[in-house]
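Colleague: Keeping their order, the protein sequence lines are chains A and B.
The first sequence runs 1 to 312 under my numbering.
The second sequence runs 1 to 252 under my numbering.
Worth double-checking, as some hints may not be accurate.
Stated by the list, open to error - Rough simulated footprint, nothing fancy, chain B against chain A, three-plus residues with beta-carbon under 8 Å: (1) 24 to 33; (2) 233 to 244; (3) 292 to 300.
What the hints assert, rightly or not - Partner residues aside, some chain A positions facing chain B, computed with beta carbon under 8 Å: (4) S71; (5) G80; (6) M125; (7) G127; (8) V178; (9) V182; (10) I183; (11) L186; (12) L306.
No lab work stands behind these hints: they were computed from the structure.
Here a beta-carbon is modelled for each residue, glycine too, at the ideal position from N, C-alpha and C.
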Amino acid sequence: MTLPLHLYLPIAGNSVNIAAIFGLGGGVGLLSGIFGVGGGFLMTPLLIMLGIPATVAAASDSNQIVGASTSGTLAHFRLGNVDFKMGFLLLIGGVLGGTVGVQIIKVLRAMGNADFLISITYVLMLGFVGGYMFLESLQSMRKSKTAEKEAAKPKKESKYARMFQALPWQTDFKRSGVRMSVIMPLALGTLVGILAAIMGVGGGFIMVPVMVYLLRMPMHVVVGTSLFQILFTCINVTIMQASQNHTVDFVLAFLLLIGSSIGAQVGARIGRKLQGDQLKILLATLVLVVMGKMLYELIARPDILLAYVGGH
Amino acid sequence: MKLRHLILTTMLIAALCVPAFAQGDMSMQVTPETIKIDTTYNGTTVKVEGQAPEGSQIVLRIVGEAGELHMKRKDKALGLLWMNMDSLTFHGVPVLYIVGSSKPLDELGAAGKELKAESMLNTIEIEPDTAARPELIDQLIKLKTKERLYQEEAGEVAMGEVKDGMQSFMATLPIPSRLAPGDYKLASIAVKDGQEVAMTEKDLKVELVSTPLFMAKLAFGHGALYGILATIIALVSGLVIGLIFQSKGEAH
Chain A
1 MTLPLHLYLP IAGNSVNIAA IFGLGGGVGL LSGIFGVGGG FLMTPLLIML
51 GIPATVAAAS DSNQIVGAST SGTLAHFRLG NVDFKMGFLL LIGGVLGGTV
101 GVQIIKVLRA MGNADFLISI TYVLMLGFVG GYMFLESLQS MRKSKTAEKE
151 AAKPKKESKY ARMFQALPWQ TDFKRSGVRM SVIMPLALGT LVGILAAIMG
201 VGGGFIMVPV MVYLLRMPMH VVVGTSLFQI LFTCINVTIM QASQNHTVDF
251 VLAFLLLIGS SIGAQVGARI GRKLQGDQLK ILLATLVLVV MGKMLYELIA
301 RPDILLAYVG GH
Chain B
1 MKLRHLILTT MLIAALCVPA FAQGDMSMQV TPETIKIDTT YNGTTVKVEG
51 QAPEGSQIVL RIVGEAGELH MKRKDKALGL LWMNMDSLTF HGVPVLYIVG
101 SSKPLDELGA AGKELKAESM LNTIEIEPDT AARPELIDQL IKLKTKERLY
151 QEEAGEVAMG EVKDGMQSFM ATLPIPSRLA PGDYKLASIA VKDGQEVAMT
201 EKDLKVELVS TPLFMAKLAF GHGALYGILA TIIALVSGLV IGLIFQSKGE
251 AH
């Protein structure tokens, strides 16, 4: 029996080339393993290009990310890169923030022009975060050419640092090697949750820089912890989408996740070989490329002036 | 009688739900009459053979069920950025529209024009109603054409031999891989001097079988269970692949 090259996806209502889907999963899983981002920003548009409806693409992608982030978290856990304590606190914040965010969207939608605000915020945010990370890591790479590791860069005692230390309930985060109040990850998790809900993205892109710059965690632990969190977020999204909107195509997700779980394992190894600053600068480049693409889409006249409701 | 016939024909085409008439003038066989979508389905073809009045041109048309579409219209915000702006609902949009003919529709006069996607979509309703309607319909056709769900000139109808005032025809129509189960209608229309002279229609069923049917039943009938299963399988797959990689690592 020869392996069929195409499979019909009953929920997506189209057939796909198995090899194409497998490869797509592998590529996105690789990025996810290296950088600790979910990869929805890449996967969803590519799936739409392959003829999958936008809603099904986004929901099935969440299902796939569950596999990739399980695999990635496991790989990073073995490398000692997952800070569970921090991860859980951020997660609690994220769930709270997500709930608030959904309410904010309702208000924005009622006021009209919400989509406009969201797109602009997203582009600005990506531009700012990507630009900052890029410059910062470039600088520190130049400064510490001899230094092998991203050994703690002692920063000036800013107002932020003083507040950091003044908050109550200080506790040690051993994996990350930082000491801070539990309020910090809770509050920042909430903030990211709100933003992620408003923008309709997983939040990896925002969470990673927040952990690096605001929680001052080492880059490798950031990647592992971020994957751990994405795992929970995407489990939630998969179950919600499947039960409420029936948009999860499991066959599609399964093909993707075989590819992406393998990709995530390889990615985690590649990431381990890179230094913190190199990782940061690569991620920054990726963020800037995504921003460039979004900006282009906003400025260039689209081919077709109609879009289905329900995509990203 | 002839005039009444003609008026009726025009009205019926305009209404786009033409029941078979003048059956005696035309006949057709369709293979297969039911398209079964199994796991390896990747588009297919439908073979049509029939008899039509001598000297006429043949147009074959497959139309899917009419449904509702929720869309956003892209427009410039602040005169600079292309954004999804107004929400629109299109009522009565067929999921599939495939036309094949023995001559391009543009060369078939008024009847040919009536069979183009633009004419068919004239009957749809757009909510809220807008002055930009013709432009929107045009964009909708573009979108559906890009998805390969609307195809004009999809296949050529070959004309065969003439016998007793009837001419045989034969065609193979493409069915796209993006196909939803449901009831479709296949019509064959004979056109002479820009007028429709005969038509006949058959049902074309599209149904899911085997694995796709099972998956669809589970996903739409037991959404929550399906979601949980999908999650568990994803988790287990991730773990298993993680373990395989670990054992490889230890071997070194």
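Colleague: If a hint holds in the structure, say so; if it does not, say that too.
Modeller: Results of checking the hints against the structure:
Under a criterion of three residues with beta carbons nearer than 8 Å to beta carbons of chain B, the stated coverage of the region 24 to 33 of chain A fails, only 0 such residues being counted. Coverage of the region 233 to 244 of chain A by chain B holds [criterion: at least 3 residues with CB-CB distance below 8 Å; count 8]. Three residues within the 8 Å Cβ limit are the bar, and the region 292 to 300 of chain A against chain B gives 4, so the coverage statement holds. A least Cβ separation of about 4 Å between S71 (chain A) and chain B falls short of the 8 Å threshold, and the interface hint therefore holds.
A least Cβ separation of about 14 Å between G80 (chain A) and chain B goes past the 8 Å threshold, and the interface hint is therefore violated. Interface hint status for M125 (chain A): violated, as the beta-carbon distance to the closest one in chain B is roughly 16 Å, over 8 Å. A cut of 8 Å between beta carbons decides the hint on G127 (chain A): the least distance to chain B is about 14 Å, and the hint is violated. Against a cut-off of 8 Å between C-beta atoms, the interface hint on V178 (chain A) is violated, since the closest Cβ of chain B lies about 27 Å away.
Of the supplied interface hints, the one on V182 (chain A) is violated, with its beta-carbon coming no nearer than about 28 Å to a beta-carbon of chain B, more than 8 Å. Because the smallest distance between the Cβ of I183 (chain A) and any Cβ of chain B comes to about 31 Å, over 8 Å, the interface hint for this residue is violated. Hint status for L186 (chain A): violated, given a least beta-carbon distance of 26 Å to chain B, over 8 Å. Taking 8 Å as the C-beta cut-off, the interface hint given for L306 (chain A) holds, the closest approach to chain B being about 5 Å.
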